[in-house]
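So you can see what is in the structure, the chains are spelled out below.
2 protein chains.
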Amino acid sequence: MSSVLVWIVYDIVEDGVRNRVAKQCKKFGLQRVQKSVFLGRLENNRFDELGEICRDMIDEDTDSVYLFPFCQEDFRRINVLGQGFDRKLVNDEILAKFF
Amino acid sequence: MSSVLVWIVYDIVEDGVRNRVAKQCKKFGLQRVQKSVFLGRLENNRFDELGEICRDMIDEDTDSVYLFPFCQEDFRRINVLGQGFDRKLVNDEILAKFF
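Sequences listed follow chains L and S, in order. Residue 95 in my numbering is what sits at position 95 of the first sequence, and the numbering runs on without skipping anything. Positions in the second sequence are counted from 1; adding 99 to them yields my numbering.
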């Protein structure tokens, strides 16, 4: 079973829904790097599964969720500017696991 | 010169800065798909150049910009939920160019 590096970025209106999506991302072993941004590595089927779970949770008329899959090569070229990583949430040691 | 498919996602506090970054993304030929989200295809050097331009524009203490590069294979697996595409900004015909 191959895995994929992922970034999950969301814009969710209701606090309760947003917290439940964040909880799911954590449950899937992803690392929070900003208010509405998680990253990590998932088995391919888990990436699809997380998408379905998020779809069921959100209000599709108001909320947006982007599930971005990356191969290692593209992942390394991601350019994160400014406060893209919230240093209160993530330090270099954690980031080194992925970059 | 090879090119790359890109998603640019940003969270920028000040309207003036946000508008200038959006203008640059349009100037680089990217398609706006949501308030703070653009996608398109860029030559590799243009991807790097856009990153530098955005870095110079934003307030790195308050704003975040993510420049995500994708090969075609990963790009096809992107999962966009809910209002990830603002149908007032982008229709199926435009999306078909990329997906």
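Treat each hint with caution, since some may be false.
[Stated by the list, open to error] Here are the simulated EDC-like cross-link-like pairs (lysine to aspartate or glutamate), alpha carbons at most 20 Å apart as the crow flies:
{"no.": "1", "chain 1": "L", "residue 1": "35", "chain 2": "L", "residue 2": "74"}
{"no.": "2", "chain 1": "L", "residue 1": "88", "chain 2": "S", "residue 2": "185"}
{"no.": "3", "chain 1": "L", "residue 1": "35", "chain 2": "S", "residue 2": "151"}
{"no.": "4", "chain 1": "S", "residue 1": "196", "chain 2": "S", "residue 2": "160"}
{"no.": "5", "chain 1": "L", "residue 1": "88", "chain 2": "S", "residue 2": "173"}
{"no.": "6", "chain 1": "L", "residue 1": "35", "chain 2": "S", "residue 2": "173"}
{"no.": "7", "chain 1": "L", "residue 1": "23", "chain 2": "L", "residue 2": "86"}
{"no.": "8", "chain 1": "S", "residue 1": "134", "chain 2": "L", "residue 2": "59"}
{"no.": "9", "chain 1": "L", "residue 1": "23", "chain 2": "L", "residue 2": "60"}
{"no.": "10", "chain 1": "S", "residue 1": "187", "chain 2": "L", "residue 2": "74"}
{"no.": "11", "chain 1": "S", "residue 1": "196", "chain 2": "S", "residue 2": "185"}
{"no.": "12", "chain 1": "S", "residue 1": "187", "chain 2": "S", "residue 2": "173"}
{"no.": "13", "chain 1": "S", "residue 1": "134", "chain 2": "L", "residue 2": "14"}
{"no.": "14", "chain 1": "S", "residue 1": "134", "chain 2": "L", "residue 2": "48"}
{"no.": "15", "chain 1": "S", "residue 1": "187", "chain 2": "L", "residue 2": "52"}
{"no.": "16", "chain 1": "S", "residue 1": "134", "chain 2": "S", "residue 2": "173"}
{"no.": "17", "chain 1": "S", "residue 1": "134", "chain 2": "L", "residue 2": "74"}
{"no.": "18", "chain 1": "L", "residue 1": "97", "chain 2": "L", "residue 2": "61"}
{"no.": "19", "chain 1": "S", "residue 1": "187", "chain 2": "L", "residue 2": "59"}
{"no.": "20", "chain 1": "L", "residue 1": "27", "chain 2": "L", "residue 2": "52"}
{"no.": "21", "chain 1": "L", "residue 1": "35", "chain 2": "S", "residue 2": "191"}
{"no.": "22", "chain 1": "L", "residue 1": "88", "chain 2": "S", "residue 2": "151"}
{"no.": "23", "chain 1": "L", "residue 1": "35", "chain 2": "S", "residue 2": "155"}
{"no.": "24", "chain 1": "S", "residue 1": "134", "chain 2": "S", "residue 2": "185"}
Rather than coming from a laboratory, the hints here were simulated on the basis of the structure.
Results of checking the hints against the structure:
no., hint, in the structure
1, 35(L) / 74(L), "violated, 23 Å"
2, 88(L) / 185(S), "violated, 32 Å"
3, 35(L) / 151(S), "violated, 24 Å"
4, 196(S) / 160(S), "violated, 36 Å"
5, 88(L) / 173(S), "violated, 30 Å"
6, 35(L) / 173(S), "violated, 25 Å"
7, 23(L) / 86(L), "holds, 18 Å"
8, 134(S) / 59(L), "holds, 18 Å"
9, 23(L) / 60(L), "holds, 19 Å"
10, 187(S) / 74(L), "violated, 30 Å"
11, 196(S) / 185(S), "holds, 16 Å"
12, 187(S) / 173(S), "violated, 26 Å"
13, 134(S) / 14(L), "holds, 18 Å"
14, 134(S) / 48(L), "violated, 26 Å"
15, 187(S) / 52(L), "violated, 25 Å"
16, 134(S) / 173(S), "violated, 23 Å"
17, 134(S) / 74(L), "violated, 25 Å"
18, 97(L) / 61(L), "violated, 36 Å"
19, 187(S) / 59(L), "holds, 18 Å"
20, 27(L) / 52(L), "holds, 15 Å"
21, 35(L) / 191(S), "violated, 30 Å"
22, 88(L) / 151(S), "violated, 25 Å"
23, 35(L) / 155(S), "violated, 23 Å"
24, 134(S) / 185(S), "holds, 8 Å"
Checked against the numbered hints given earlier, this structure breaks hints 1, 2, 3, 4, 5, 6, 10, 12, 14, 15, 16, 17, 18, 21, 22, 23; the rest are met.
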